[in-house]
Amino acid sequence: MNTIKQIAGINFSKFLVAGCMLFGLTACDFEYDLPEEGSIEDLTPPEASFTASQSDADFLTYNFANFSGSATTYVWDFGDGNTATTVDAVNTYPDEGTYTITLTASDALGKSDTFTSDITIVEPEAPTAITPVIGAADFQDGPDVCGSGDSRDCWRISGGSIHQTTSDGRNGTRGAKYTAASSNSPRVTYQAVTVSPNTKYILTAYYAIQSDGDTVRGTVIDGQLSNYSEFSSASLLGQTVGDVNGGKGNFNRLVVEFGTGASGEISILFDSGSNASESYLDDVSIIPAE
Amino acid sequence: MKKIYPFILLIFTGLLMSCGDDFLEPLPESAVSSESYFSNDEEIESGVIGMYDAIQGINSNNLTDNFSIQREYYLTEMRSDNTRTKSSEGEAAQFESYTVTASNGIVSNYYISFYEIIYRANLVLSSLDAASPEKAASFEAEAKFVRAYAYFNLVRLYGDIPLIDRLIGPLEREISYTRVETSEVYNLIVSDLQTAVSGLDNTYKNRASKAAAQTLLAKVYLTQGTNYAEAQTLLESVIGSGFSLEPNFKDVFYTENNNEVIFAIGYTSDLTSDSQNISAEWLNSVGRTSGVNYVTADAREALDNLGGSRTPYLYRQDAAQPTQYQVAKYIPNGDANLGIAPTASNPELAGNDWIILRFADVLLMHVEAILAGGQQTSATAAINSFQRVRNRAGLTTPVTSITKEDLLAERRVELAFENHRFFDLVRFGAAQQVLSAFSDANGYSFNATDLLLPIPQREINLSNGLMSQNPGY
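First to last, the sequence lines map onto chains A and B.
Going by UniProt numbering, the letters in the first sequence line up with residues 1 to 290, in that order.
Going by UniProt numbering, the letters in the second sequence line up with residues 1 to 473, in that order.
Bound conformation, chain A alone:
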């Protein structure tokens, strides 16, 4: 500094440039500065974050998506002893259970942040189709049947005449009876059922007829009716007509195969043709096809 003063007295302008350069050189030399001098705080420290998603192919494999910010290196601890240092990660776990996943995100300034999340791995159950319980499927009366004791109360629909019951059912038990066309108004047997959507089912029932040309019909309706008058315009999932004349007491199988749609709310309806003689129905069931 003394040098500059002395020179400045003689010819300041001549040495000004040189002086400044010297100054500049000195100022750039941080050799003797303290290590913390001039450094600023890490204003954007890492923020660790991730999401986990189960693989479709294997329920034990998880994909981890890294949503951390302001970080350059990552350390994954998957909670089963496996680790990784990739940005995103995949891990296959040895077994079902709860695992704690820890992601440590660090930046190049030595700051780090940790994010932890648990996953619980359970083997997904194969969806099972509902097997519906049909009320009074065997048409037996009894103390708790259909809330009233009368098996026919499970099968009524407004606007339709309910079937009669008879002791001439299958295997000598009670069954439903449809009157001959000449004797009375047509009888119907209706029940609303809830099954699984988009599933194949088999409706089975047993019928007996006594005259050639007589029929008993089983119908599966998509949706549920509030009045019998809606039946003629209802959308049907399946219908089968039984016309094998085995005579009274000899029951034949009536099968309706059907697949449900978007809704599992369906209904089943049995009726008879313009029959010459009385006809019978018994033992109704619905089971999934697979």
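These are calculated hints, taken from the structure and not from any lab test.
Nothing here was measured: the structure is a model prediction, and the numbers come from that model.
Positions of the beta carbon are idealized from the N, C-alpha and C atoms, including for glycine.
One should not assume that every hint holds.
Covered stretches of chain B, going by a simulated chain A footprint (3 or more residues, C-beta under 8 Å) [said to hold, decoys possible]:
1. 232 to 240
2. 367 to 378
3. 432 to 438
4. 444 to 456
Simulated DEER-style distance windows between Cβ atoms [to be verified]:
5. A/Gly38 x B/Glu301: 31 to 37 Å
6. B/Thr323 x A/Thr131: 37 to 43 Å
7. B/Leu466 x A/Gly38: 29 to 35 Å
8. B/Asp201 x A/Thr204: 27 to 33 Å
Derived, one-sided and incomplete: chain A residues facing chain B with beta-carbon distance under 8 Å [to be verified]:
9. Asn63
10. Asn66
11. Phe67
12. Gly69
13. Ala84
14. Val87
15. Ala129
16. Asn198
17. Thr199
18. Asp283
With chain A fixed as given, assemble chain B onto it according to the hints.
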């Protein structure tokens, strides 16, 4: 006093004038304000057409124009495993290599374009008071369909976004730049589409229709992973609305408004104002670029294996550069080998309509709705819909069960290069797995954060601190 008197008189006159009711009336005729723009049905109709004009985009190479869906394939197909640029250069190549930056001009152009669509829909909605009672409901339904369509693309591409459901002024910065949760955006989309379903009929294919609204709503439900039964019912209603698959796959793309099209954006050949340059950009050095949306080796393998009789109309060899392969849908200048006639005298002014929703998509979504998030189905209705799409491609061997993977693969082939692939991968939960593997095989740098685009940097800058960026950018 002598001097003051005239001043008092002047002030008094001024007061009288300013107190008059008609001081600013009638409305100035030389300038139009948005509030008073539409005053009758005819004028609102022009606003409705304006919404589709905004979807259509401007056919130009001026970077300040809104290209809208004319550059959508960059953000969707080229960001999936289906396509890439021919030259791997420039900001266009950021998509294929998963190195998109917040300043990418194509990303910001799409964002601006789609908020322009939303603005024009809001403009129609704000003018409903001027509509006749007979037309008001259909105008509302149509504008809400368009608004939902725009938000559905934006929310899937950018994540949390500003939700603007009315006309706003330049000072309403809060609403312009506040990013709201995707769930809130979906709430508006669903309610808009429900209005659209009930207020529209199936008159148009180049404008909103009931079937288009039902299809889009079903897709929204499938994307949310909720309401599968509702989605199935909506799709079954579309299936029963008289649409059918074109017997010949090629005709879907070269016969405008055929019976398979549910919603398409119309373009007219050789008119600068009404044509598209999508098709030209996909050719070798015909458009502005040396060629984009070129087919990847990964996609070719899938299309060869599963395409059946569709394959020749999905992709073709580039005659000028035999190592490269081009998309064979929407060719503007014809291909004698494939029996495709030119659609325009200038391929950069192409008239090929851009199909947004078509019947094959509906049939495959029907299968997806029945799968309801499960791994496989053998329900008759699902098999029937799936088989219809495959039969047309000559793949007539009966299928007995369909896995989620089968369905994703079938969608990739049937709907290749129609901007579905990226969204399908995300919706099926397969994006991270499939794109990581694709990226590793090609030396690209995919991360899970690449599944959302960046919010354009210009928006963040303009927001003055209100807007935050997506992770990874």
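Taking the hints in turn, this is what the structure says about them:
no.	hint	in the structure
1	232 to 240	holds (count 3)
2	367 to 378	holds (count 7)
3	432 to 438	holds (count 3)
4	444 to 456	holds (count 4)
5	A/Gly38 x B/Glu301: 31 to 37 Å	violated, 57 Å
6	B/Thr323 x A/Thr131: 37 to 43 Å	violated, 59 Å
7	B/Leu466 x A/Gly38: 29 to 35 Å	holds, 33 Å
8	B/Asp201 x A/Thr204: 27 to 33 Å	violated, 44 Å
9	Asn63	holds, 5 Å
10	Asn66	holds, 6 Å
11	Phe67	holds, 4 Å
12	Gly69	holds, 6 Å
13	Ala84	violated, 13 Å
14	Val87	holds, 5 Å
15	Ala129	violated, 10 Å
16	Asn198	holds, 4 Å
17	Thr199	holds, 7 Å
18	Asp283	violated, 26 Å
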